[in-house]
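Chemist: Sequence:
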Amino acid sequence: MFARSFVVMVIAAVLSRSGLGQSARRVDGAPHPTGVLMNIGGQRLHVNCTGSGNPTVLLESGTGDVSVIWALVQPSVEKFTRVCSYDRAGYAWSDPGTTPRTFAQLATELHAALDSLRVTGPFVLVGQSYGGFVVRGFAKRYPRDVAGMVLVDAVHEDEQLVWGGEAHRIREAAQGRAFPAPVIALNSAMIAQAQTLPIDSATAHLEPPLDRLPDSARSIWAWAESRPLLQLAQAAEMDWSPEELAMMHAERAGNRASLGDLPLVVLARGDGGYADLKNISAASLERERRTLQADLARLSTRGRLEFVPNSGHNIHVEAPDVVIKAIHDVLEQAAARELIRP
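Mapping of the sequence shown onto my numbering: residues 348 to 689, in sequence order.
Hints are computed from structural coordinates only; laboratory data are not their basis.
Hints should not be assumed to be uniformly reliable.
Across the chosen pairs, the derived CB separations fall in these ranges [as the list claims (entries may be wrong)]: (1) 651 / 547: 38 to 44 Å; (2) 462 / 630: 44 to 50 Å; (3) 545 / 604: 46 to 52 Å; (4) 400 / 377: 27 to 33 Å; (5) 604 / 544: 29 to 35 Å; (6) 426 / 462: 23 to 29 Å.
On a predicted model such as this, the values are computed, not experimentally measured, just so you know.
All C-beta atoms in this analysis are idealised placements derived from N, C-alpha and C, irrespective of residue type, glycine included.
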């Protein structure tokens, strides 16, 4: 999910153009972390791993979403394997990291945190919305560490998003900027900038479907979403997204099944909910969405697409049982194909 929708945050971005870790502790008057803060080299990431078993399931949130968005999924998954949710750099309790926020940079930070926790692959990756891009980036950087994938209403690199009464393809805003090598480091400049910005008290009220989350998760959400640092980190992710999406488009032109035969389930909302726009009809957008979701399933020769009726973009909140079952199915497929190491 995207906290105030992917479209709104894209607009905002365009306009704005030490050991094993530390025990969980409060940060800047924050609620108590649900997991631990892992020091990955001067920068800390908040990681919450529960349950036991192999492989570990990694839950990747949409842009602007913090780890408690998985509060209706993680408690069930932990009953049959180990599962980790986390907050990307600058989100909730996690420190901001190096820019640009390339998918390789995000993957490097997460992998370092998991190494510090001694949580090793293979992993089943679960990515919702923008998080679908992030898990695909992780799989590209660490292919041997991936046993399967679940995409939850993930955005496609060719998808048109709506603002200003028109549809736009984000990858068309790419500027051809060079991709630097990932570097793990605390982003002190972003911290200093955040300290000059006001707290957003408007986030204290959570609209549906977030009101379905447990009380503790809603409290953490309201705090995290009010932090200027999260808004800056989110804008940095969106700033680099056109470059990544353009590269994904180019790479898949010659290979639709870039995940090979990896177990893959793609979950998509039942209806796109579009209206007619200046430059395209609602019907055309809906046809395109369904075609592109089917194309996401073709990331693997074993991919399966399932449309989830009576659910919007936030399937992990609105229909968590469907997501839990998809994760379980991918785990079983991975086990059957001996992709899970003992």
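Chemist: Taking the hints in turn, state whether each one holds.
Modeler: Hint-by-hint comparison with the structure:
no.	hint	verdict
1	651 / 547: 38 to 44 Å	40 Å, holds
2	462 / 630: 44 to 50 Å	48 Å, holds
3	545 / 604: 46 to 52 Å	47 Å, holds
4	400 / 377: 27 to 33 Å	30 Å, holds
5	604 / 544: 29 to 35 Å	44 Å, violated
6	426 / 462: 23 to 29 Å	26 Å, holds
In terms of the numbered hints stated before, the structure departs from hint 5 and from no other.
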